[in-house]
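Protein chains: 2
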Amino acid sequence: MFTKDGGPQRSDFADVRATNLAVVLRHLRSNAPCSRADIAGTTGLNKATVSSLVTDLIERRLVREVGMTENRIGRPAMMLVLDGSPYAAIGLEVNSDYLTAVALDLSGERLLSWRRSFTGASTAPGPAIASLAALAKRAIAKMAHEQRRVLGLTVGVPGLVDPDGVVELAPHLGWHRVDLRKSLLSALQEPAYPVLVENDANLAVLAEQRFGGQGGAANLVYLSGGAGIGAGIICDGRLLRGGRGFAGEFGHLPIDDTGPPCACGRRGCVESLAGLGAVIRRALPEAVVSPTEFGPHVDEIHRLAKAGDPHVLAALATTGRYLGHGISMLTNLINPEFVALGGYFTVLAPWLIPEASQELVARSVAGAGGGTQIIVSALDASAAAAGGAAQALDAIDAGALPTL
Amino acid sequence: MFTKDGGPQRSDFADVRATNLAVVLRHLRSNAPCSRADIAGTTGLNKATVSSLVTDLIERRLVREVGMTENRIGRPAMMLVLDGSPYAAIGLEVNSDYLTAVALDLSGERLLSWRRSFTGASTAPGPAIASLAALAKRAIAKMAHEQRRVLGLTVGVPGLVDPDGVVELAPHLGWHRVDLRKSLLSALQEPAYPVLVENDANLAVLAEQRFGGQGGAANLVYLSGGAGIGAGIICDGRLLRGGRGFAGEFGHLPIDDTGPPCACGRRGCVESLAGLGAVIRRALPEAVVSPTEFGPHVDEIHRLAKAGDPHVLAALATTGRYLGHGISMLTNLINPEFVALGGYFTVLAPWLIPEASQELVARSVAGAGGGTQIIVSALDASAAAAGGAAQALDAIDAGALPTL
Chain A
1 MFTKDGGPQR SDFADVRATN LAVVLRHLRS NAPCSRADIA GTTGLNKATV
51 SSLVTDLIER RLVREVGMTE NRIGRPAMML VLDGSPYAAI GLEVNSDYLT
101 AVALDLSGER LLSWRRSFTG ASTAPGPAIA SLAALAKRAI AKMAHEQRRV
151 LGLTVGVPGL VDPDGVVELA PHLGWHRVDL RKSLLSALQE PAYPVLVEND
201 ANLAVLAEQR FGGQGGAANL VYLSGGAGIG AGIICDGRLL RGGRGFAGEF
251 GHLPIDDTGP PCACGRRGCV ESLAGLGAVI RRALPEAVVS PTEFGPHVDE
301 IHRLAKAGDP HVLAALATTG RYLGHGISML TNLINPEFVA LGGYFTVLAP
351 WLIPEASQEL VARSVAGAGG GTQIIVSALD ASAAAAGGAA QALDAIDAGA
401 LPTL
Chain B
1001 MFTKDGGPQR SDFADVRATN LAVVLRHLRS NAPCSRADIA GTTGLNKATV
1051 SSLVTDLIER RLVREVGMTE NRIGRPAMML VLDGSPYAAI GLEVNSDYLT
1101 AVALDLSGER LLSWRRSFTG ASTAPGPAIA SLAALAKRAI AKMAHEQRRV
1151 LGLTVGVPGL VDPDGVVELA PHLGWHRVDL RKSLLSALQE PAYPVLVEND
1201 ANLAVLAEQR FGGQGGAANL VYLSGGAGIG AGIICDGRLL RGGRGFAGEF
1251 GHLPIDDTGP PCACGRRGCV ESLAGLGAVI RRALPEAVVS PTEFGPHVDE
1301 IHRLAKAGDP HVLAALATTG RYLGHGISML TNLINPEFVA LGGYFTVLAP
1351 WLIPEASQEL VARSVAGAGG GTQIIVSALD ASAAAAGGAA QALDAIDAGA
1401 LPTL
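Just so you know, the sequences run in chain order A and B. Residues in the first sequence are numbered from 1 upward in steps of one, following my numbering. Residues in the second sequence are numbered from 1001 upward in steps of one, following my numbering.
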């Protein structure tokens, strides 16, 4: 770790400083208001280091001073709290039948939440990216109008995304090797903040972890219920991406090699049997399924299920069993505490979860389904966009401060 | 995080101290010999803190002073290096046909490596634990004779192990709810060091990460090739255990619901088609398979494969395809960089890997098998025991020092 002349490498210093900044931010989040001396006393960092870190945080308006203490022993001290009001983080999602945008402030409050109908499945990548960029620009303009600085913008895509932001494959958008990050950077005129592209379910599970009902569960999976079924996986508190970033392809676990054809070119994958297209065809065999307008069909299925329609109930039970079959593989391999059904599944969950849970228990080798609970996601269709915005907040929490 | 009287909680201090100890140990591992001032300068810890941490480490003989520098500017400084010679960590494994024991010193050098034939599949839990405890005692006695203090002892078991060390289920040992940790603690007369029980594949992958050929790959799976096939999974550098510790049940992923019966009570699981019993029955249909003596059969299969026996080659190709089918589920869900075939698979790997790799590519949704490479484990049958010993070393590296 030392360079030839014996001095420590710069990256060492940068890493240590980021770690220490994160320590101070986390300390303030749990303990504010508190003084510089309090921080030094508890963290073991020396006072000069704490002062320097706090100066950085104040300069960036991530922390502010709120006045002197009075009711304590010893010299009065200047107390600190978290700030962050001049910032915003933006997340977007492109999917087969909608676009969404969410902006959050540093505390996670929503500054905007938009949804647009979108014919993703029948739009070529060029015009699709143009629509997405237009939505991004409107969100950025709104933040500028509110005098907030954008910290980062992340787009969720239902498919395989490599670490450079190239969409390798998104079957339900018809995308193959689309360099979305590069196109967006160009459309947004190379902004100074990070622009990232990520699998939609990965972003959604970050949102579920931060904003969902499971209080920061360390082992959590989010299943995006759309035309495809992606899994966002959090293990031991951290997003699981895998070696090339292609983890979470739950929808393409094989259930039945003789099953219906799948968008990936194989047969009988989970999503060919339990994805939204399959659900609609099973529940509403007369319906003409448009891949860009699932909403009305889902509403109709929901209405009929509530009315006790036996055919629809049987169709949802069958779907639940296929989901449970897939979830049993998750349980056998990664043993999550919670599997949250998201997207369109949230509406249909009351009729999916009982059969899915039964199948899970029957098929997982650990007793009682390995303790895995199938639950309804607490988030709506903006989950991935909210997670995209949350990603920029996570970077700050990890000590990657915005540049001055 | 503050107590009522305004003082920080003790756990805060303990956590920070462990983190800082780990920082100093890691710094010394990469940079030794170096001085206290070097450590303070690079880590941002203040000099008094570094001095106090180093005193702790020297008292425990984890670090020692090696003399003053001469050839540098400024005052000469006392240089420090890692020590640890008075310590040992012990790992054991119990499996259906053998017991193993390994002891390591702090640098990871092997102090002993034993293997015993063992009729695990036909021995009741009580006598099996007695045999295991006898082996443990011999290893402990040998370490005492060498005047090494034991830092920890970890036992690997081919089955589901809960966080308290209870073996929930180990089908190939015939164990169900066996409180192995409690029995061992009692047999070893409640030693002062940690005694842990862990899934065998989880330990083996820790050994593969530390001692294998993939140079600390961050996304790595080890498949234990025995009667059962467990997966030890490392994601993003860390062992994946799951919510209840039941992750890695690769052998019970479903391949064919109409397949042969599996030890778990279901049909057509991966291990019922690709586990060692299935391999032997497929390759040597005339053989009478003893579940407690696989070695001679594996030797015979190896001999015939090398001789080009067409039936044996076809049997291994079929087995490879089933393995590849299972590994494609790993790739779709967690996208590892490497899947290492361990245990008896290491001998047969040259005839398993080509077909397995082809099946993996055909079945994984990401192109080129998501980049997952199927490789031969660099470790022998002592992998899990070596991993068990390594676990105690990891605890030291994380700052959990031995008590004085």
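Check each hint, because a few of them may be wrong.
Claimed, not checked - Here are some chain B residues pointing at chain A (derived, C-beta under 8 Å):
| # | residue |
| --- | --- |
| 1 | V1016 |
| 2 | T1043 |
| 3 | T1119 |
| 4 | A1121 |
| 5 | A1124 |
| 6 | C1235 |
| 7 | G1243 |
| 8 | R1244 |
| 9 | F1246 |
| 10 | G1248 |
| 11 | E1249 |
| 12 | F1250 |
| 13 | N1335 |
| 14 | I1375 |
| 15 | V1376 |
| 16 | A1378 |
Hints were generated in silico from the structure; no laboratory data involved. Don't be surprised by glycine CBs; every beta carbon is placed ideally from N, CA and C.
Right, here's what the structure says about each hint:
1. Hint on B:V1016 holds. Least Cβ distance to chain A is approximately 5 Å, under the 8 Å limit.
2. About 6 Å separates the beta-carbon of B:T1043 from the nearest beta-carbon of chain A, less than 8 Å, and the hint is met.
3. Because the smallest distance between the Cβ of B:T1119 and any Cβ of chain A comes to about 24 Å, over 8 Å, the interface hint for this residue is violated.
4. For B:A1121, the shortest C-beta to C-beta distance to chain A is roughly 18 Å, which exceeds 8 Å, and the interface hint is violated.
5. With a least beta-carbon distance of about 22 Å to chain A, the hint placing B:A1124 at the interface is violated under the 8 Å criterion.
6. Checking B:C1235 against chain A by beta carbon gives a least distance of about 5 Å; that is within 8 Å, so the hint holds.
7. Given hint, B:G1243 at the interface with chain A, holds; its Cβ is 4 Å from that chain's nearest Cβ, closer than 8 Å.
8. Using the Cβ-Cβ criterion of 8 Å, the hint placing B:R1244 at the interface with chain A is satisfied: the shortest such distance is roughly 5 Å.
9. With its C-beta approaching chain A no nearer than about 4 Å, B:F1246 sits inside the 8 Å limit, and its interface hint holds.
10. Annotation: B:G1248 was flagged as interfacial toward chain A, and the flag holds, the nearest CB pair being 7 Å apart, inside 8 Å.
11. Using the Cβ-Cβ criterion of 8 Å, the hint placing B:E1249 at the interface with chain A is satisfied: the shortest such distance is roughly 4 Å.
12. Satisfaction of the interface hint for B:F1250 is found here, the shortest Cβ-Cβ separation to chain A being roughly 7 Å, below the 8 Å cut-off.
13. At about 3 Å, the closest approach between the beta carbon of B:N1335 and any beta carbon in chain A falls short of 8 Å, and the interface hint on this residue holds.
14. Taking 8 Å as the C-beta cut-off, the interface hint given for B:I1375 is violated, the closest approach to chain A being about 13 Å.
15. The criterion of a C-beta within 8 Å of any C-beta in chain A is not met by B:V1376, whose closest approach is roughly 18 Å, and the hint is violated.
16. Because the beta carbon of B:A1378 sits about 18 Å from the nearest beta carbon in chain A, more than 8 Å, this interface hint is broken.
Hints 3, 4, 5, 14, 15, 16 from the list above are not met by this structure, while the remaining hints are.
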